[in-house]
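A.B. asks: From first to last, the protein sequence lines are chains X and P. Number 255 in this note's numbering belongs to position 255 of the first sequence; there are no gaps in the numbering. Throughout, this note's numbering is defined as the position within the second sequence, counted from one, plus 1000.
Calculated from the structure, these hints are not laboratory results. Misleading hints may appear alongside valid ones.
[As the list claims (entries may be wrong)] Once the Cα atoms are required to be at most 20 Å apart in a straight line, the calculated SDA-like pairs of lysine to any residue come out as:
id, chain 1, residue 1, chain 2, residue 2
1, X, Lys-156, P, Ile-1349
2, P, Lys-1488, X, Tyr-292
3, X, Lys-323, P, Leu-1067
4, P, Lys-1146, X, Leu-162
5, P, Lys-1488, X, Lys-155
6, P, Lys-1508, X, Ala-368
7, X, Lys-202, P, Arg-1552
8, P, Lys-1068, X, Phe-461
9, P, Lys-1488, X, Thr-413
10, X, Lys-323, P, Trp-1059
11, P, Lys-1406, P, Ile-1349
12, X, Lys-323, P, Asn-1060
13, P, Lys-1488, X, Tyr-421
14, X, Lys-156, P, Gly-1512
15, P, Lys-1019, X, Ala-451
16, X, Lys-155, P, Asp-1507
17, X, Lys-323, P, Arg-1503
18, P, Lys-1146, X, Tyr-421
[What the hints assert, rightly or not] Just so you have them, the derived chain X footprint on chain P, three or more residues with Cβ under 8 Å:
id, segment
19, 1133-1147
20, 1161-1173
21, 1489-1503
22, 1507-1520
Note that the Cβ used here is the ideal one computed from N, Cα and C, for glycine as well.
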Amino acid sequence: MADLLFLLMVLPLLGCLFVLTAQKNENNAFNATLFAVATGVAVILRLLSATVYPIDGQGEQYMYQWLHSSHVELLFGADLQSLILLFGIYLGIVIGMLGLQQSQRRSKSMMILILAFIWNINGLFLARDVLSFYLFFAGMIVPVFMLVGMFGNVKKVSTLYLYFALNFVGALLFLVATIVIYRHHLGNIGMADLAAAKMPHKAALVLWLTISFAFLSRLPIWPCHYWLSLVSVGAKNPVVYIVTNLLPLTGLLGFMRFWEQTVPESMDAFVPIIDLVGVMTMLFIAFIGVSYREFLPKLFSYSAVYYLLFLLVIVLLPAEYEKNIVYSLFIFIIVNAALTVLEADAENAASENDYSVRGILAYMPKLARLITFFVLVAVGLPISSMFWNNFVLISALFRENFAIGIGVMVAITLIVMALVYELFMMRSLPKVYNADCEIEDISEKKTGFFAVVILLLFLSFFNPLWFVF
Amino acid sequence: MIAYTVLLLFFIGIFSSVKVGVKVDKVLAFVTFASLFFVFVNFCDGMLDATEHSFSFIWNTSQGRNLKFDILSNVYNYALVLPCFLITLLSCFNNLLFRNEERKSVYSSLLIFNLVALIVLITSNNFVQLVSALFIVDILSLFMIKDIQASQRYVLLNMAADMMLFSVLALINARVDSLDIKEILRYRQIGFHEDYVALTGLTAIFAKLGFAVFQIGNMALKDIRFHRMQSVLLLSSPMAALILLLKLNMLWRFSDYFNIYADSMCYVTLIWAFVGSIVVNDFQAKIIYWQMSFWALMVALLRFYGFIWIPEFTYLLMEMYVFINALFLLYYYNNRCRTVSEMMKLRLIHKKRLASVALIVLLTVAAGANTLLQMYNQTNRMCIWLFAILFLISTAATLGQIYFYKGKHLRGVQHDIRFKWTVWTELLCLCGVLLYGGKVQNVAVWVIPIIFAFLWVCPMLRSAAYFYKLRFLQKSDLLGDIYLSVIKSFRLCGRVFWLLIDRLFLDKLVMGLAVVLSHICLRMFRKLHSKPIFGGLIVLLLLVGMLWYSYRAGEING
């Protein structure tokens, strides 16, 4: 199975090669990218299958040693959690790519950047040592920055620079931490071994503070949420929106990998600060989400609130809840991607027909049904495994701290109401409307694809891993 | 066995939801009703058998815990399911008789799926199944309403209530570490924010029932079709809320705030519903107010009976169903006029039809009076009296206006609508069954309809029609405005937060400071470069300082 890990790492690079050599006609680059991603999905499913149903003699985790050096051993491995999240990300990107317009599909550079992003994501999720984790954590900034800069429709260049600077500072902080670890252990160290590593109190504190700040810089926690929101909300390209929205996941993954068992007691004093800022930001973003009048900013607020919920769970609760977080995140990523693409379709239909987005879904029944379903999943109704897992997580938060539980519930309720309200706005006809207006609904192909996604989500309600055979 | 019933209902629902042509649709709707009737007979058979069965399967596993789907068949659950089943069956029957729906079979399937969700709610043994069924009922209500504008407030209010219940159940799960509903008893012993649980849970249930202050969701239903409104009012979220109240009553009945909160809400709702039903001109809105007062009575009586479902509650529900159906006939014969004032202006040419409706109304009042008299005792007498007086006055006033108002400007004539023999006979039979089954023993049962008839013909009550002319009263939407202002204040908060914290503080102040600082640094470095000796000295000093610091800080490496 270690070969499969290697294949998964190499696939995006091979895809890049094909894209680079593709002729400049219709959809060659797009098809090569889609094929690379789809093959990646197949590999992940195989790895998942081997993880869930291990063959005799094989463990549940697979390791692949890349560089054989006594100081710099780069380790890659796969476990259930990372594979499920990777599967979700891949599906999210496939959904985003299918949402691209014909003109957008022709861009070779975009395809290469998407593959570069996927390569980094693969590396990050499969990294099992501190150095490789850092390499992909920092390396990810480049494709994201270029994707946002070239295709993200960011109105102010300064916003883009600030966004980059924020992520760069985060990466630098993590570099400092990596150097401190390297210096202490005279070499690279596996993330699992970090817990056993003994360090002086001050050094440990500095180390964990830098690591925490590095990961927090990726999350939509105050004040980092501001630049993330400016970059995301302006994006007209669904892939760019999805990619920028996946970036906080890397911060979350960092906390999942480092925080669980390895965090020293010296950080205990800072945990309440993270909790407090997290809950306050959740409420703050939820209120801002209510105040928006467009769907996409509301969707951003929704995802920010949920990312912070997962952060609180990771920071506050023991590792046994990791599976619940991962199952919930899997649905969350797919729903976010689907809603982004469908909303972009509604926006496009409205702009092509010189019509307002308000009430647009009254003319597009198929699109309206799809958006309604995904909104209902997003708000946590019992249609997917997100419902049950969120129940477990919120319940555990209540057990840990009643005030935090209340704060989280208020924020979620507010943002859920905002999303549902916006859905009504998109479906209800305005007072003055053109009765003769004929708007083409989304294509049969797309409807069929989303029907499959809906099936995937619905069946997860009964078994979150039903797709693993 | 209820599980068997659920399975059959589920298949009938799927069968009925198949899209067919208009002609086949009628046949399909009839076959659906016939199958439903067959299942009902089967259900009644099981109810009489009354043996306890349990059906359960593991539906999901997490945290080492099995999440079960349970359908428990016992006498109590049968008794709770019975009124829901009966009303669904009768609604499907009425769906056959009226041309209300373009796709009758699809509407029947909706009602059947709703019944399945209600049964799952009633028979649930764990919180997750309970909340899942509740959410499904709410989603189905969205389809039942089938009107985007009308469903907006209804859905948003119910969604907020569902989230409250979600938080309450999550809190209890956090405390008892079990999803089992029976563990509520243990929660009571341990205790953990009981008052929060009681107040939040009860508020959610009152919101779903459409009690005073929260009726805004149900009031939006006045604009949808009558039969759909009736189904939503009796079978959807309010019914689910009543079931929740019964299942989770241990959560709040021992809170210090329970009695005062429940009492005040019930009485305020009764009074508010009375005032609303007198003042409002819209006929469907009046029915919503009457239904609102009915739910208030049910909650109050359930409280007095220790939240135990007794057959009298089933009778009350059926009586309300018959009463609303009689009003539907009245509406139907009066050209489906939206407002009472329009009905008042109609020249009545089909007096026999109206008389037939009047007979049904009087018999329903008698049946209702019989049930309430049987439940009447020292503890609940005030509640029953208040409901009876207010309800009879407001309904008599409205009916009097429709039947006997002598307007100066008769603008319309009753259409020649066929006498609905089947519906009338159905309602008459139902009244007979209710009166016979209720075992009339008290003479007062017959006195009350006579008093009601007297109020009905009494010209004084008809003068309440004066309110219909007051445009500000009819147009005003006080609660709607309040809710809107609450939403607006949330929006305003969001905008202010964004403006003050994000825009002013982060963007302008912090980033502005960073830019100014970087400019100062740049200027400083330029000055250093312009004076090489002085600048070199400063750089040397800085380097020495850094060396010294690194020497001191090197201690951290041990």
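A.B. asks: Give a verdict on every hint.
C.D. replies: Hint check results:
no. : hint                      : result
1   : X/Lys-156 <-> P/Ile-1349  : 73 Å, violated
2   : P/Lys-1488 <-> X/Tyr-292  : 11 Å, holds
3   : X/Lys-323 <-> P/Leu-1067  : 16 Å, holds
4   : P/Lys-1146 <-> X/Leu-162  : 47 Å, violated
5   : P/Lys-1488 <-> X/Lys-155  : 29 Å, violated
6   : P/Lys-1508 <-> X/Ala-368  : 40 Å, violated
7   : X/Lys-202 <-> P/Arg-1552  : 13 Å, holds
8   : P/Lys-1068 <-> X/Phe-461  : 13 Å, holds
9   : P/Lys-1488 <-> X/Thr-413  : 16 Å, holds
10  : X/Lys-323 <-> P/Trp-1059  : 17 Å, holds
11  : P/Lys-1406 <-> P/Ile-1349 : 14 Å, holds
12  : X/Lys-323 <-> P/Asn-1060  : 14 Å, holds
13  : P/Lys-1488 <-> X/Tyr-421  : 13 Å, holds
14  : X/Lys-156 <-> P/Gly-1512  : 15 Å, holds
15  : P/Lys-1019 <-> X/Ala-451  : 19 Å, holds
16  : X/Lys-155 <-> P/Asp-1507  : 15 Å, holds
17  : X/Lys-323 <-> P/Arg-1503  : 38 Å, violated
18  : P/Lys-1146 <-> X/Tyr-421  : 16 Å, holds
19  : 1133-1147                 : holds (count 3)
20  : 1161-1173                 : holds (count 8)
21  : 1489-1503                 : holds (count 10)
22  : 1507-1520                 : holds (count 3)
Of the numbered hints stated above, those contradicted by the structure are hints 1, 4, 5, 6, 17, listed in ascending order.
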